[in-house]
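**Q** Spelled out, the chains give:
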Amino acid sequence: MKGKRLGLRKHLGLKLFKGIREQVVERHALRTLFFECTLRCNLSCRHCGSDCRTDVAEQDMPLEDFLSVLDNEITPNVNPRDVLIIFSGGEVLMRRDLEEAGREVSRRGYRWGMVTNGMALTPARFNALIDAGLSSVSVSFDGFKEIHNNIRQNALSYDRALAALRLISKSGIAYDAITCVTPEMVDRLEEWKELLIAEGIKSWRIFSIFPAGRAKRDDTLHLSTEQFRKVMEFIRLTRREGRIKLNYACEGFLGGYESEVRDHFYMCAAGVNVASIRVNGDISGCTSVRGNFTQGNIYKDSFWDVWQNRFEKFRNREWAHRDECAECKVWEFCEGGGMHLRDDEERLMYCHYNMLK
Amino acid sequence: MNIKWKVALLTLLGFSTAGCCTTKKASKAETSEPNNIESEIDDPRIMLMYGVPFPDGEVARPIDPEQAKEEIEALKREAEKGAEQEASAAENEGVPFEDGSIVKPISEEEAKKLIEELKQGNEEAAQQAAQENQ
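Protein chains in written order, with the working numbering: chain A, 1419 to 1775; chain B, 28 to 161.
Source of the hints: derived by calculation from the structure; they are not laboratory data.
Incorrect hints may have been included.
Subject to a maximum C-alpha distance of 30 Å in a straight line, what follows is the list of computed DSBU-like cross-link-like pairs (lysine-lysine) [said to hold, decoys possible]: (1) Lys1588(A) / Lys1563(A); (2) Lys31(B) / Lys1663(A); (3) Lys1563(A) / Lys108(B); (4) Lys33(B) / Lys1663(A); (5) Lys1433(A) / Lys33(B); (6) Lys1731(A) / Lys31(B); (7) Lys1588(A) / Lys103(B); (8) Lys33(B) / Lys1422(A); (9) Lys33(B) / Lys1420(A); (10) Lys1747(A) / Lys31(B); (11) Lys31(B) / Lys1422(A); (12) Lys31(B) / Lys1436(A); (13) Lys1747(A) / Lys33(B); (14) Lys1731(A) / Lys33(B).
Please build the complete structure, drawing on both the sequences and the hints.
**A** Take a look at the structure:
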């Protein structure tokens, strides 16, 4: 097993990548824009990071408000072909005007994608979305039927997610299946991989649960250090095998597993080249970053001014060099982990590197 | 040292995808895009936790607003058709309970028949219990 230790070659690689990261931070060119278009959801998943449900108090943002920001603030300052717009939720398919939204952003020259649980993805809806320019989809697929349905708290959710993946895989657009690994799946990952390969799924992403939203209150969803290492080892070996393209999500610095479990070295891109417009108009990095890091609001501030002149905490992480990070040997490569792992007091809630002890 | 050199060195070290920066050259078609913001070197492609894979296919092209309006109307009709299908699927497949079991909707006639069966069953059980007591 790899563990925390970095060899000389990896150390050199990380040093070089650190230089690249610094230049990317300095340039902070907008590359990904999340539009949290709804908080409504047709599921009530046990591990949901945002406590989504069907009857949320927060109304969906009117499409014209988002388009107005796009037209007046973003398009004049970027080349649309360089920016990927991701519709996120809640469950994006709860929005009946998603096709219109997609067509409108495509019309402006942007590519767009969406993350879905697949529950409401009928063939007719999917065709309409493709016609509206949909070019990438991620489908949540958390494990075998009983496990997936239990996490998603819905007896139809597994079948619907699988049907959605089968539908999407035939279309030729970019897609992947996302598995949020829970303790009961750790020893069954090999079996799960075979099922995905048999289904013809080419691209797969794994992430583990971090303590936010409903997941914070449910200890049974969290991996032990031993289980976490097993997952890393599984990803490493699967990537070597090369039968399915597997990546661990961007979450945290992984010591000896850096470059072995992902296509890239670790970097938290939130607020560096990733921005989000939340359902209430808040401007932030990724949608999973907590509210205390909000940088502005589209109803009060100019998005482009916020993007250019705020986001200091996202781009200069020195403030995070405290507590357990203060003495950490890999600080220069990690810079305090993902922004979404910081709590209301800006303290680190979860350290991936320490999970590799 | 600029990004290109760093990426080249990373590749020499065996981290061919670790930098994941792509160099873009503007093609003739791309020069007709709405603005002239330069983008020679892209950033490393970080696979975001709640993101989607980077689409490598064709870049969407701006289209005429009138044409878009018509297309949006057609899309709305498609989406409505999808919603109807979805609703009828939910009707046929039933509603899931918290324990995972599914109750499928039944017709009025089926319901009457079930009630009759239950009544009959209850009467038989009552008679049987009465006989046993005697």
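**Q** State for each hint whether it applies.
**A** Now for the hints, and whether the structure bears them out:
Taken as a hint, the lysine 1588(A) and lysine 1563(A) pair is honoured in the structure, with Cα atoms around 22 Å apart against an allowance of 30 Å. Straight-line distance between C-alpha atoms of lysine 31(B) and lysine 1663(A) comes to about 26 Å, which keeps the hinted pair within the 30 Å bound. For the hint linking lysine 1563(A) to lysine 108(B), the alpha-carbon distance of about 29 Å falls within 30 Å, and the restraint holds. For the hint pairing lysine 33(B) with lysine 1663(A), the CA-to-CA distance comes to about 25 Å; that is within 30 Å, so the pair holds.
Straight-line distance between C-alpha atoms of lysine 1433(A) and lysine 33(B) comes to about 10 Å, which keeps the hinted pair within the 30 Å bound. At roughly 27 Å between alpha-carbon atoms, lysine 1731(A) and lysine 31(B) fall within 30 Å of each other, so this suggested pair holds. Between lysine 1588(A) and lysine 103(B) the CA atoms are separated by roughly 23 Å; this keeps the pair inside 30 Å, and the hint holds. A distance of roughly 24 Å separates the Cα atoms of lysine 33(B) and lysine 1422(A); the hinted pair therefore holds under the 30 Å criterion.
A hinted pair counts as satisfied when its Cα atoms are at most 30 Å apart, and lysine 33(B) with lysine 1420(A) qualifies at roughly 25 Å. Distance check on the hinted pair: lysine 1747(A) and lysine 31(B) sit about 28 Å apart at the alpha-carbon level, within 30 Å; holds. Annotation: proposed proximity of lysine 31(B) to lysine 1422(A) holds, straight-line Cα distance about 29 Å (limit 30 Å). Annotation: proposed proximity of lysine 31(B) to lysine 1436(A) holds, straight-line Cα distance about 14 Å (limit 30 Å).
Restraint check for lysine 1747(A) and lysine 33(B): satisfied, since their Cα atoms lie roughly 23 Å apart, inside the 30 Å limit. Between lysine 1731(A) and lysine 33(B), the direct Cα distance comes to roughly 26 Å. Compliance with the 30 Å bound is thereby established for this hinted pair.
Of the hints listed earlier, there is not a single one the structure fails to meet.
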